[in-house]
Amino acid sequence: MAVEASTRQDTHTESADGEMLVPAMFRNLIGYHLRVAQETSFQAFAKAAGKADLKPGWYALLTVLAERESMTPSELSRICGRDRSTLTSSLKALSHRGLIERQSNPDDQRSYSVRLTENGRRMQEQLHAIAVVYNRRLDEIAGKDKAVLIAVLGRIAATFGTPQHS
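Residue 1 is where the sequence shown starts when you use UniProt numbering, and the numbers rise one by one after that.
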């Protein structure tokens, strides 16, 4: 029975008292810890924003668009380091929520750009205020290891082909 409980515990991600439990096979896998850190970190950001339906990357997209008048999806994809296919679904969702709007290119009807609406600008400003506090908390967690952490994450991104963002 004790062995069975121990085995069962290793397959769960959280104990009854809320402590994170890592399956034995994942304890030393960077990919596992990277995914868990990203997911829990984003959940904390979404909770602080009070937006349960806030998707990863929306803040970045809104912020990049806030800095520019308008951009094509290809430009946005390059700057944000996002795959064009996943970017398209994010843009549709942002448009559906009235945060961005499409503008047709008069010279090429197949091409379009996107820009923030006033609602999108307000949302970006609200999310930015939350991001400042959120990033302060991440800085506290990383402490003196922040530069090393950023460098390692940059190497991971560069190795797997995603542009490093500064």
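Possibly wrong hints are sitting among the right ones.
For each label pair, taking beta carbons as the anchor points, the in silico distance ranges come out as [claimed, not checked]: (1) 38 - 85: 35 to 45 Å; (2) 156 - 74: 34 to 44 Å; (3) 23 - 122: 35 to 45 Å; (4) 102 - 21: 42 to 52 Å; (5) 102 - 138: 28 to 38 Å; (6) 25 - 151: 19 to 29 Å; (7) 140 - 88: 34 to 44 Å; (8) 47 - 107: 39 to 49 Å; (9) 23 - 146: 46 to 56 Å; (10) 41 - 107: 40 to 50 Å; (11) 143 - 106: 14 to 24 Å.
Don't read these hints as lab results, they were simulated from the structure.
Note that CB positions come from ideal geometry on N, CA and C, so glycine has one too.
Range hint 34 to 44 Å (beta carbons of residue 140 and residue 88) holds or violated: holds, 36 Å
Distance restraint evaluation - residue 47, residue 107, Cβ atoms, bounds 39 to 49 Å: holds, 44 Å
Range agreement (Cβ of residue 122 with Cβ of residue 23, hint 35 to 45 Å): holds, 43 Å
Cβ separation of residue 23 and residue 146, checked against the hinted range 46 to 56 Å: The hinted range 46 to 56 Å is violated for residue 23 and residue 146, with Cβ atoms some 29 Å apart.
So the hint says 19 to 29 Å: do the beta-carbon atoms of residue 25 and residue 151 match that? holds, 28 Å
Note whether the CB distance of residue 38 and residue 85 lies within 35 to 45 Å or breaks it. Between residue 38 and residue 85, where Cβ atoms are some 20 Å apart, the hint is violated.
Kindly confirm whether 42 to 52 Å is satisfied by the beta carbon distance between residue 102 and residue 21. holds, 46 Å
Per the hint of 40 to 50 Å, is the separation of the Cβ atoms of residue 41 and residue 107 within bounds? The hinted range 40 to 50 Å holds for residue 41 and residue 107, with Cβ atoms some 42 Å apart.
Verdict for residue 102, residue 138 (Cβ pair) under range 28 to 38 Å: Cβ of residue 102 to Cβ of residue 138: about 33 Å, so the range 28 to 38 Å holds.
Can you tell me whether the CB distance of residue 143 to residue 106 sits inside 14 to 24 Å? Given about 52 Å between the Cβ atoms, the range is violated.
Range hint compliance [Cβ, residue 156 to residue 74, 34 to 44 Å]: Violated, since residue 156 and residue 74 (Cβ atoms, about 25 Å apart) do not stay within the stated range.
In summary, the structure is inconsistent with hints 1, 2, 9, 11 from the numbered list given earlier, while agreeing with the others.
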